[in-house]
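**Q** Letter by letter, the chains look like this.
Number of protein chains: 2
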Amino acid sequence: MVVNKWDGGATIRRMNAEFDLIRRYFSRPVAGTLLAGGDDCALLPPPEQQALAVTCDTLVAGTHFLPDDAPADVGWKTLAASVSDIAAMAARPRWATLALTLPEVRHDWLAAFAEGFYACADAYDVALVGGDTTRGPLAATVTLIGEVPQKRAVRRGGARAGDELWVSGQPGRAALGLQCAQGALELPDEARAQCLAALRRPQPRLALGRLLAVRATAMLDVSDGLLADLGHLLRASRLGAQLRQDALPLAALQQMGVSQAQAMQAVLAGGDDYELLFAAPASLHEEVRQAGKTLSLPLHCIGRCEAGETVRLRDGEGRKMTLGAFGGFEHFPAAPQEST
Amino acid sequence: MVVNKWDGGATIRRMNAEFDLIRRYFSRPVAGTLLAGGDDCALLPPPEQQALAVTCDTLVAGTHFLPDDAPADVGWKTLAASVSDIAAMAARPRWATLALTLPEVRHDWLAAFAEGFYACADAYDVALVGGDTTRGPLAATVTLIGEVPQKRAVRRGGARAGDELWVSGQPGRAALGLQCAQGALELPDEARAQCLAALRRPQPRLALGRLLAVRATAMLDVSDGLLADLGHLLRASRLGAQLRQDALPLAALQQMGVSQAQAMQAVLAGGDDYELLFAAPASLHEEVRQAGKTLSLPLHCIGRCEAGETVRLRDGEGRKMTLGAFGGFEHFPAAPQEST
Chain A
1 MVVNKWDGGA
11 TIRRMNAEFD
21 LIRRYFSRPV
31 AGTLLAGGDD
41 CALLPPPEQQ
51 ALAVTCDTLV
61 AGTHFLPDDA
71 PADVGWKTLA
81 ASVSDIAAMA
91 ARPRWATLAL
101 TLPEVRHDWL
111 AAFAEGFYAC
121 ADAYDVALVG
131 GDTTRGPLAA
141 TVTLIGEVPQ
151 KRAVRRGGAR
161 AGDELWVSGQ
171 PGRAALGLQC
181 AQGALELPDE
191 ARAQCLAALR
201 RPQPRLALGR
211 LLAVRATAML
221 DVSDGLLADL
231 GHLLRASRLG
241 AQLRQDALPL
251 AALQQMGVSQ
261 AQAMQAVLAG
271 GDDYELLFAA
281 PASLHEEVRQ
291 AGKTLSLPLH
301 CIGRCEAGET
311 VRLRDGEGRK
321 MTLGAFGGFE
331 HFPAAPQEST
Chain B
1 MVVNKWDGGA
11 TIRRMNAEFD
21 LIRRYFSRPV
31 AGTLLAGGDD
41 CALLPPPEQQ
51 ALAVTCDTLV
61 AGTHFLPDDA
71 PADVGWKTLA
81 ASVSDIAAMA
91 ARPRWATLAL
101 TLPEVRHDWL
111 AAFAEGFYAC
121 ADAYDVALVG
131 GDTTRGPLAA
141 TVTLIGEVPQ
151 KRAVRRGGAR
161 AGDELWVSGQ
171 PGRAALGLQC
181 AQGALELPDE
191 ARAQCLAALR
201 RPQPRLALGR
211 LLAVRATAML
221 DVSDGLLADL
231 GHLLRASRLG
241 AQLRQDALPL
251 AALQQMGVSQ
261 AQAMQAVLAG
271 GDDYELLFAA
281 PASLHEEVRQ
291 AGKTLSLPLH
301 CIGRCEAGET
311 VRLRDGEGRK
321 MTLGAFGGFE
331 HFPAAPQEST
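Line by line, the protein sequences give chains A and B. Heads up: the first sequence at position 159 corresponds to 159 in the numbering used here, and the numbers run straight through without jumps. Heads up: the second sequence at position 322 corresponds to 322 in the numbering used here, and the numbers run straight through without jumps.
Hints in this document: simulated from the structure, not taken from any laboratory. Possibly wrong hints are sitting among the right ones.
Claimed, not checked - Negatives, chain B to chain A, calculated, CB over 12 Å:
{"hint": "1", "residue": "G62"}
{"hint": "2", "residue": "H64"}
{"hint": "3", "residue": "A91"}
{"hint": "4", "residue": "G183"}
{"hint": "5", "residue": "E287"}
Unchecked claim - The following label-pair restraints were derived from C-beta to C-beta distances:
{"hint": "6", "chain 1": "A", "residue 1": "D108", "chain 2": "B", "residue 2": "G162", "range": "43 to 49 Å"}
{"hint": "7", "chain 1": "B", "residue 1": "D246", "chain 2": "A", "residue 2": "D125", "range": "51 to 57 Å"}
{"hint": "8", "chain 1": "B", "residue 1": "R106", "chain 2": "A", "residue 2": "H285", "range": "44 to 50 Å"}
Note that beta-carbon positions come from the ideal geometry of N, C-alpha and C, so glycine has one too.
Let the hints inform the model, and build the full structure from the sequences given.
**A** What follows is the structure, given as structure tokens:
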């Protein structure tokens with residue numbers, strides 16, 4: 001509790017509740033800083049001979065989470081989304097700022113949010129060095145600063161025709177988890193728990209990202225949906241691609257009891273899993289596979305980059321399939337008159 | 001406009017409107033970066049042998065500005081608040097991220113917001129290197145990264161008993177401007193325009209902050225109100241202070257036609273001016289005054305630090321005056337049972 005005494009004939013006690021909140025919930029000691037908290041700025045030692053990698057993500061109640069979601073999960077995911085961006089550059093996360101906007105002071109909510117946030121910070125070695133607490137509709141913004149030797153950073157635009165396309169882990173679970181949470185899907189208990197965990201406690205693929213630093217030619221994390229994010233990678237690389245339906249990681253989802261069509265929808269259009277999608281030369285196929293084994297993380301080679309500007313999907317017999325239904329997630333769907 | 005072609009038997013055109021927005025309004029070319037925009041992270045060259053100074057500020061519609069405030073002013077102020085924090089560390093701003101949450105896409109609003117934001121960025125040499133655009137209640141968060149030689153950074157906690165206390169420019173105008181905007185105060189046209197400009201286009205004291213780098217012992221910017229922020233400086237420095245009423249910059253406000261009591265209230269409790277409040281050794285009095293002259297910026301020596309933990313105010317005849325009414329601004333007023 002911060003109590004100031006102002007003395008001007010009388011003594012007045014004053015509690016600056018905003019700063020008290022910050023101090024109470026977000027002032028754990030941090031290593032690797034010169035000054036964190038309690039000043040106008042945090043002071044950080046510059047990473048020597050490394051580039052800074054900087055990313056910024058906002059989670060808004062009602063858009064990215066529900067106001068009654070468990071606050072510890074919201075805290076985790078708020079930071080995890082940014083850690084995932086750092087992973088996708090093959091960088092190492094270092095320092096975060098947290099801007100938290102709250103409609104009211106609810107200490108139980110804040111304590112749980114902070115617990116989840118710090119759990120993620122501890123898991124990925126992030127120091128919370130500053131932030132802002134404001135009154136308003138519930139939302140949280142993280143800016144995360146990482147470091148990476150400049151030549152090891154993996155961008156989106158370096159893929160070449162012939163490179164294989166890979167995706168990590170099990171995309172689609174978060175989308176099924178969201179359907180479960182909304183009551184739109186019934187799954188067996190264990191499958192439901194897995195999908196909800198993927199939605200609520202995504203595990204950014206930091207170790208994988210760093211292992212791919214000199215192997216992947218292009219990389220990003222799947223947050224908008226696999227196809228939408230593939231579009232970003234391909235556009236930046238000025239390429240098209242061909243995907244093989246029988247190489248998509250559908251089996252694990254189908255074993256949960258969803259149809260092939262549901263599994264396709266979840267894998268291709270579901271966001272929020274924070275898996276890594278990357279291109280790597282076919283000559284490194286075994287090396288990439290080995291990286292997955294080292295990390296006990298499945299890596300799926302789902303297709304190839306090719307010249308052109310289209311994405312084609314073929315089934316196991318080589319027949320063309322339509323991709324129209326798998327558009328990914330948009331915050332601002334285009335107005336009809338703008339979409340042509 | 002971003003149009004993706006997905007070809008899987010049919011050709012589907014898709015517009016990713018979120019990224020289109022970012023591209024359209026916030027993708028001006030930036031200098032001094034390795035990569036900015038269009039990837040998971042921005043890549044920045046590390047400042048050599050300088051510490052990083054990092055600050056984060058959120059402006060929420062309804063709390064920090066009104067939804068119908070001119071968006072160009074909101075854009076300016078969103079960045080200016082963070083530049084002011086950098087100024088208060090005697091640092092130099094370099095790179096910003098902007099997280100913008102919008103209830104809907106209004107192109108005229110966005111274009112004007114971007115115009116004001118970039119006007120401030122140009123004025124203070126800031127590169128916008130990344131951000132996030134989300135759907136939700138209107139709010140903007142900036143994280144600003146600056147650089148400063150570690151030993152030149154001015155913190156809050158370095159003041160010593162006997163140091164003089166100074167404030168720059170004309171604190172209180174923004175508070176009067178807010179009263180004008182709310183229809184609670186009538187001022188002559190020119191005074192009204194000055195006060196509204198102070199409220200809407202605050203001028204962070206970046207040049208002053210850097211001139212004070214080896215002179216000020218403690219410094220911060222006045223955002224919560226002069227007395228409230230003085231409390232932060234004194235608490236960090238474990239000191240009290242004595243202020244002289246006749247040294248407070250009241251005259252310019254009184255000449256606008258407000259009473260002495262109104263001027264006192266505005267100067268001591270009004271926030272949002274983003275002036276610098278700092279302590280400096282009395283032996284540097286003339287040097288500090290000269291710095292103000294160099295910048296054509298009035299600097300007011302308003303009192304002295306002293307041992308203790310109270311702030312006392314004395315009038316021109318040395319009589320104690322009460323400070324109880326000038327508490328500054330709080331986002332979360334403490335509940336009565338917590339305030340003792």
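**Q** Please go over all the hints and tell whether each is borne out by the structure.
**A** To see whether the hints hold, each was checked on the structure:
{"no.": "1", "hint": "G62", "in the structure": "violated, 7 Å"}
{"no.": "2", "hint": "H64", "in the structure": "violated, 7 Å"}
{"no.": "3", "hint": "A91", "in the structure": "violated, 7 Å"}
{"no.": "4", "hint": "G183", "in the structure": "holds, 23 Å"}
{"no.": "5", "hint": "E287", "in the structure": "holds, 23 Å"}
{"no.": "6", "hint": "A:D108 / B:G162: 43 to 49 Å", "in the structure": "holds, 46 Å"}
{"no.": "7", "hint": "B:D246 / A:D125: 51 to 57 Å", "in the structure": "holds, 54 Å"}
{"no.": "8", "hint": "B:R106 / A:H285: 44 to 50 Å", "in the structure": "holds, 48 Å"}
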